[in-house]
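Q: Sequence:
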Amino acid sequence: MNDTKENKRRVVITGLGVVAPSGIGKQEFWENTIAGKSWTRKITRFDASQHPSQIAAEIDNFDPKKYMDPKQIRRTDLSTQYAMGAAKLALIDAKLNIKNEDPERIGLVIGIAVSGMDFAEKQFTNYRLNGLRGVSTFTTIAVFCCASVGQISIDLGIVGYNNVISTGCTAGTVAIGNAYTSIQQGIADIIFAGGTEAPIAPLTMYSFCAIKALSTRNNEPEKASRPFDKERDGFVMGEGSGIVIMEELEHAIKRNAHIYAEVIGYGTTCNAYHMTAPAPDGVQSARAMKIAMKNANIKPENVDYIQAHGSSTQLNEKTETLAIKKAFGEYAYKVPISGLKSMIGHSLGPAGAFQTITNCLIIEDNIIPPTINYEYPDPECDLDYVPNKARKKEVNIAMQNSSGFSGVNAVLLLKKYL
Numbered sequence: 028m029n030d031t032k033e034n035k036r037r038v039v040i041t042g043l044g045v046v047a048p049s050g051i052g053k054q055e056f057w058e059n060t061i062a063g064k065s066w067t068r069k070i071t072r073f074d075a076s077q078h079p080s081q082i083a084a085e086i087d088n089f090d091p092k093k094y095m096d097p098k099q100i101r102r103t104d105l106s107t108q109y110a111m112g113a114a115k116l117a118l119i120d121a122k123l124n125i126k127n128e129d130p131e132r133i134g135l136v137i138g139i140a141v142s143g144m145d146f147a148e149k150q151f152t153n154y155r156l157n158g159l160r161g162v163s164t165f166t167t168i169a170v171f172c173c174a175s176v177g178q179i180s181i182d183l184g185i186v187g188y189n190n191v192i193s194t195g196c197t198a199g200t201v202a203i204g205n206a207y208t209s210i211q212q213g214i215a216d217i218i219f220a221g222g223t224e225a226p227i228a229p230l231t232m233y234s235f236c237a238i239k240a241l242s243t244r245n246n247e248p249e250k251a252s253r254p255f256d257k258e259r260d261g262f263v264m265g266e267g268s269g270i271v272i273m274e275e276l277e278h279a280i281k282r283n284a285h286i287y288a289e290v291i292g293y294g295t296t297c298n299a300y301h302m303t304a305p306a307p308d309g310v311q312s313a314r315a316m317k318i319a320m321k322n323a324n325i326k327p328e329n330v331d332y333i334q335a336h337g338s339s340t341q342l343n344e345k346t347e348t349l350a351i352k353k354a355f356g357e358y359a360y361k362v363p364i365s366g367l368k369s370m371i372g373h374s375l376g377p378a379g380a381f382q383t384i385t386n387c388l389i390i391e392d393n394i395i396p397p398t399i400n401y402e403y404p405d406p407e408c409d410l411d412y413v414p415n416k417a418r419k420k421e422v423n424i425a426m427q428n429s430s431g432f433s434g435v436n437a438v439l440l441l442k443k444y445l
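The working numbering puts the first residue of the sequence shown at 28, with every later residue one more than the last.
Hint data in this document are derived by calculation from the structure and do not stem from the laboratory. Any given hint could be a false lead.
To be verified - No farther apart than 27 Å at their CA atoms in a straight line, the calculated lysine-lysine pairs in the DSS-like style are these:
no., residue 1, residue 2
1, K126, K115
2, K353, K326
3, K250, K69
4, K92, K122
5, K250, K239
6, K352, K420
7, K250, K281
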């Protein structure tokens with residue numbers, strides 16, 4: 028992403044689709060978010076009794092039959108099913124009739140981190156028990172990173188710009204940033220963008236346990252995800268899909284679309300430091316924020332709210348706090364910050380998309396969700412994290428931070444459209 032802003036087409040968000048542990052659809056998701064409820068529970072998807080971490084934020088009320096036919100369901104991983112649900116919910120929310128649009132001017136960009144591991148692990152188990160005859164003939168297409176993009180494009184008839192982003196925990200934010208720049212440059216007029224993931228499977232979960240990334244607060248699942256709290260001990264795995272519909276401004280106005288927010292800035296950097304740990308100086312994370320603000324032609328004091336990456340790990344929160352201070356100076360102590368992952372865990376690929384959807388609703392309703400489970404202040408995390416209770420505040424410009432494995436940092440800025 029360049030550090031300079033050119034005169035380009037304006038981009039707005041007109042549809043929100045969400046399939047999350049806290050709700051299916053934007054309304055249920057938003058009500059539970061501002062209520063500050065935790066969705067971390069004991070894992071029910073498989074027997075996790077031998078795992079160090081036995082908790083996750085599962086989705087327990089998703090019915091793929093509402094969005095796909097039975098044949099599609101048999102051929103797809105849960106991550107693709109989530110994405111299909113989120114895409115169709117976004118389409119309904121945007122009141123967009125694709126048949127009235129030029130299909131060559133509609134695009135699709137999805138972020139995903141670990142791809143179809145739920146499907147893959149089941150097939151590996153079948154192979155061990157039953158040999159080759161036990162393996163589904165759809166395994167290859169189900170576990171590809173491009174599976175969700177392919178299925179959505181076929182189902183909705185999207186033949187325009189198409190991309191898959193796999194930058195780990197930043198994938199959702201990078202996907203939306205990629206869609207933003209693509210519409211700016213005239214590559215498309217409409218893009219479905221976001222992320223999806225279904226990582227709550229035995230081997231995948233244990234692989235994160237092996238590197239001690241997950242919380243082991245098994246006796247208090249609801250309190251396990253606690254960003255910026257001194258007692259944080261690792262993140263809680265989440266899952267789901269978030270997809271937004273992004274449009275060129277004049278196109279949205281012409282069809283009288285409801286505009287949630289305008290995307291005004293995007294920045295991305297890489298720490299080039301470590302595959303899992305953030306760079307302790309926070310320099311590149313801060314630079315991503317500065318790039319996004321420069322791209323938006325705003326000053327730090329113009330930002331009304333920051334939605335943190337806030338994964339609930341010791342290193343992330345300490346580094347993220349330092350990076351915000353480096354990017355915002357003294358204003359860092361005045362801007363409210365909160366962490367959505369305290370409620371729905373860390374879903375990897377769609378985490379950034381959930382942030383974008385939340386920031387759209389914050390801008391629309393002027394309510395900042397809390398960082399729940401904030402009980403013990405950390406001297407190294409001394410900013411305003413909106414602890415435990417939602418706060419009413421006018422928000423015209425909202426920032427979201429994403430960071431994670433592979434060292435990528437991504438920042439997105441949304442502004443109230445007036």
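Q: None of the hints should be skipped; say for each whether it holds.
A: Okay, the hints, checked on the actual structure:
1. K126 <-> K115: Roughly 14 Å separates the two Cα atoms, so the pair holds.
2. K353 <-> K326: holds (13 Å)
3. K250 <-> K69: holds (12 Å)
4. K92 <-> K122: holds (21 Å)
5. K250 <-> K239: With Cα atoms ~18 Å apart, K250 and K239 stay inside 27 Å; holds.
6. K352 <-> K420: The given pair, whose Cα atoms are some 22 Å apart, holds under the 27 Å limit.
7. K250 <-> K281: violated (47 Å)
Going through the hint list in order, the structure does not satisfy hint 7, though it satisfies all others.
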